[in-house]
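Engineer: First to last, the protein sequences are chains A and B. Taking my numbering, the leading residue of the first sequence gets 1, the next gets one more, and so forth. Taking my numbering, the leading residue of the second sequence gets 165, the next gets one more, and so forth.
Please note that a few of the clues may not be correct.
[Claimed, not checked] Cβ-Cβ distance ranges computed for the label pairs, FRET-style: (1) Leu99/A - Asn249/B: 29 to 37 Å; (2) Glu261/B - Ile7/A: 21 to 29 Å; (3) Lys252/B - Ser86/A: 18 to 26 Å.
[As the list claims (entries may be wrong)] With a straight-line cut-off of 20 Å between C-alpha atoms, the simulated SDA-like cross-links for lysine to any residue are: (4) Lys252/B - Arg161/A; (5) Lys252/B - His140/A; (6) Lys252/B - Ala262/B.
Please keep in mind that the hints were generated in silico from the structure rather than gathered at the bench. Don't be surprised by glycine CBs; every beta carbon is placed ideally from N, CA and C.
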Amino acid sequence: MGEITFIVLAALVVVTAYFTVTSPNLVHAAVALMGTLFGVAGLYVFLYADFLAATQVVIYVGGILVLIIFGVMFTTQIGSQVMVKSSAPNRLASGLAVLVLFVGLANIMRQAPWHRGELVAVEGTVKTLGTSLLTRYLLHFEVAGVLLLLSLLGAAYLARREHG
Amino acid sequence: MDSLESYLFIGLVLFCFGLYAVMTRRNGVAVLMGIELILNAANLNLVAFNRFGGLSEQLPGQVFALMVIVMAACEAAVALAIIINLYKTFQTIHIDEAREMRG
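Just chain A, same shape as in the assembly (with noise of 0.2 Å):
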């Protein structure tokens, strides 16, 4: 059973990011990248990251995704033909290019000697992860958040509307 939720679950990201990767229309686009990260989502759950799985649907699904939709929308006007894809050759060599990177880092994956600890049965993260929050990592916290306070006054300033 999780065998088989696991494989769909994987098809469900790789197919999904094809298709946002390569789709004409960006609206179609921004709902495949949808299922990608609710394939993400779903695989931190294999991981036993049940809060950062939530986090993900909350923040990327219903935060970024909209934002990025929101940009689509602002945009495009409406039926001019919006140039999405580059050249024909500067596709071939792109194309070359990841699948050379593809490969040679698949082997490396395969290869290199992974340092792997015992699997240990975790029960909800929500209470280590809010400890080592607040304790270990508190100055990485703090941080982030001075950091989306900077990226929220950043944003409000560069897109609001000119005065006089």
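Put chain B on the given structure of chain A with help from the hints.
Structural biologist: Positioned in the frame of chain A, the structure of chain B alone reads:
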């Protein structure tokens, strides 16, 4: 299912798709989608290493992944503000058209 390599492989496929999108798409928003794919690939790797690397006392990989999600949110907000500015200035978000710092 319970092997590190299967997750790493999915992450690798996601990363390659994202990189291909960044290299071939010529629309600012589509490039942004490719970057989101790359960030998701990195996150998947971090969480997988956290699970299979025997690091589960303080969950460093998951904390790191959380930080990446925060950073992705910041990046999406700022990038879309830039894209909207670009559109106001050039009336297009074809990224090859934007060659000047001042419109």
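Engineer: State the violated hints by number, sorted upward, taking the hints as numbered earlier in the document.
Structural biologist: Of the numbered hints, 2, 5 do not hold.
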